[in-house]
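Peer 1: The primary structure of each chain is shown beneath.
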Amino acid sequence: MSLLLIVLLPLLGSLVPLMGSNERRNACATMTAVAPTIALGIALAYMGQVLDGDIPRAAVSWIPALGLELAMRLDGLSLLFVLLILGIGLLIILYTRFYLADGDDMPRFYAFLMLFMTSMLGIVMADNLLLLWVFWELTSLSSFLLIGYWYRQSEARKGARMALTVTGAGGLALLAGLLLIGQIVGSYDMQVVLDSRELIQQDPRYLPALLLVLLGAFTKSAQVPFQFWLPHAMAAPTPVSAFLHSATMVKAGVFLLARMHPALAGSEAWLYLVGLTGLVTLLYGAYFALLKHDLKGILAFSTVSHLGIITLLFGLDSRLAVVAGLFHIVNHACFKAALFMTAGIVDHECGTRDIRKLKGLWRFMPLTTTMAVLAGAAMAGVPLFNGFLSKEMMLAESLQTPLLGGLSWLIPALATVGSLLSVAYSLRLVRNVFFDGPARDLPRTPHEPPRLMLAPVMLLTVICVVVGLLPALTMTALLEAAASAALAGDSPELHLAIWHGVNPALLMSLTALLGGLLLYLQRRHVFAFQRQFRPRDARLLFEMGIQLGVRIAQRAIDSLENGSLQRYMLWLVIAVLCVAGSALTQTSGLQGPLENQPLDGLLIAGAIIAMFAGLATAIMHRRRLISLLMLSIVGLMTSLAFARFSAPDLALTQLAVEVVNMILLMLALFFLPQKTPQESGAPRILRDVLLAAGFGGIVASLNYAVLTRPLESISDFYLENSVPGGGGHNVVNVILVDFRGFDTLGEITVLCIAAIGIYKLLNRLRLFMPSSDADGRPWALDHHPAILGTVAQTILPLALLVSFFIFLRGHNAPGGGFIAGLITAAALLLLYIARGVDWTQQRAPIQFQPIAVAGVGVATLTGVGSFVFGQPFLTSAYGHFHIPLIGDIELATAILFDLGVYLTVVGSTLMMLANLGKMTTRHRPSKNKEQA
Amino acid sequence: MLDNALWISVALFTVSIMLNLYRVAVGPALPDRILALDTMYVNSIALIVLFGIWLNTKTYFEAALLIAMLGFISTVAVCKYLLRGDIIE
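First to last, the sequence lines map onto chains A and B. Counting from 1, one number per residue, gives the positions in the first sequence under the UniProt record's numbering. Counting from 1, one number per residue, gives the positions in the second sequence under the UniProt record's numbering.
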């Protein structure tokens, strides 16, 4: 269980900083550091066990049907990364405390940082492929938030979007790859997968799976050709860059290579893909790092280059290379984090990161300079520093590879070139910024940063030096444990030492050092050479690509979704005609075994009226008022039909809806153009008539076919269980508030959201108000006829009483919250119509939004209330009560839920209609009440 | 006896609803149509009540009540629209 805590604590910790405030920064930072510190403690407590070769695990079942478990493991590889993530993460927290300016929102930063830390920990500890992927995508999302932290800057937003697009897309590829692997192996359990190397590599799906997984790893680790997002992620605050580039994010990609190494590596495809990608990336990154002028830009490309080294190492077919790769991950994390923090300090103190403007800072900040020199030496691979050790291992291993057959010598040669470039840019970084004559024209006069801001840099630099001096003592155990995980227990014997005697690797290192020095001194030739190329901004290309994609998608959408409602209806109706029509031709005949119901004159008359009114609605649609009157008749006939065929609830609802509907249409009609233009030509009318007739014919046939067949439906269950299960005799209501209460909860939530949406839309709307009716007659002068006002006032209490009554007995007889809500809303709307907004607002200054929201709240709380009694969500209880005059009623908890429905309906209906009505008054919904 | 009375009333109300429909369709003026629609609502109350008497149940009473109480609101809304255009002002 405590294994899970390593991930859970930082997750909970992401809420902690939100309790802090911007004013009390020390408290905020300290509080944030608590959770990762404890997590680090737990990890350290497991350390001995892990180093002994044990793999602690913990699992909680999550979605067993999908093979998804909340399973964590802590093998050597995980431990190595956990220590890096938490250790450097804590240093970043400390550093951030001093880095963020007063205007920056510190709690928000820390919350994002902790979320990101959690997702990284999840990746490295996941013991299930799908779980690993979930955390993988979480890092994409949380890094998006971190990179875009200064969201007011266009750079930050674009960089964040680019990172999200590239790594997110890679994540999707990874998911596909992991699913393939899961299918091949038949399990998503990490250990099972890692043990199934033979099975996976002999499967024909191995190659696509490998490609997809590598796509995920390479996008995350910024390998060529996906390297472009990383330099643009520099728009993030420096602590973020330091964290992303050292222990996390980009290391997730190479972690994945190490994690999947036992299962996927060793094949020819792996060696070529991984090895060559790493080699190209190594050179590309190193070359451009030399050319950049922005401090963080140099570091970013150097990160790309060092990731290339690590990838190359995982691509060499040797066990020692894997160890070297893991070693370099640690070394790179330490010196790169230190250098980024130094760059941040320089930026902070001088106000610029342009290497052409910075000079001679050592006079102002000797301590910082010392740190930068040491960390820079580690990056360059100078002997006695940790970078030297792993780089020399890399060079030694590159000599052994037979990857390119007769041309295999290219790999060590190019690796040496890469190291040479790395020496050159490290030199440039350190010498140009801190030495190279006295400083001039700095935007600010720099001085040493606060000691605590420098402390993390010092600690990391000390680690670089100590590991460089005492590699065997400090790193052997941890590396062996990690390598044993990455190599399926087959860890090679390690001899970490500074001096291995004069061997080819040492000579290559020396060549790189001297060559790098030479290249640095002659760097102006490189710059002159580069000037002959047209500068290519990756961001422009990326944006162009994105916009092209958007344009194509937009065109596709436009051709289908052109804003014409007729068009949508057309496709919908045609689809139904094809599907239902072809299905109907397959049936043996329309008439089922059941007899027709007897027909009487009343039914015939009702049907004729409804049909006539329906036709008239369509035919007269250009004379809107008449058409609406006809529509109203259709509604009335429908309600009567519901009543006739024993559906009193539906009849009541239909009636209430009719009324509210009419008010809505009248409100909208005022703002619409008074006349419909002639739109359809004769062929189109013919087409539409045929379609409508066909559609009607099919619906009628279906109805007839269903009604004449005996049907085993779920209704019987509801009828039988309504009283014993829900405590109500009105089955319709019991279904709504009890059996299918969860549906209803969803529906009222949607209703409330829709109403709020409409309210927001009305917020800024300015509409033309016609000053006369369609025939040009001016409006009447009597705003509020007295008779109407009196009637409306009389109706209101009556209507409220009726709605209360209908609400209360709804569980047992026709009625319920929905109908009651509509009645209340209709009565209030009548008052608005009769007396006007001013009058009503004075007497009842009610806001509708809180009512609607409260409704959803009450319904939800009723559901949650069941938890208190240890029952599932929305379980209802009921009992009998006697209320004088009204009689015996059964009060169920469902009535509370129904109260929620009632409030939502009242609030939402009024929020929509009353606010639409208020558009013409000074009470209109508006952002700014004074302007209204 | 009651059955006969019921059937005669139902027939009469059905006929009057048909006549209401005729008036809504033909007009001639808008107020005529609106008034006809309102009358149609009133006649439906009768139909529903008669139906309830025939089945000897109280279940349909609320539907009639609701039409009586709210049915005229549609009419009011349309009338207000004719008068002022803006029905809530």
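Hints may be right or wrong, so weigh each one.
As the list claims (entries may be wrong) - Derived SDA-like pairs: lysine to any residue, alpha-carbon spacing no greater than 20 Å straight-line: (1) K58(B) x R924(A); (2) K292(A) x A647(A); (3) K359(A) x F435(A); (4) K760(A) x R924(A); (5) K58(B) x F642(A); (6) K58(B) x V732(A); (7) K158(A) x L141(A); (8) K58(B) x R644(A).
Since the hints were made in silico from the structure, they are not lab data.
Peer 1: Honestly, which of those hints from before does the structure not fit?
Peer 2: 1, 2
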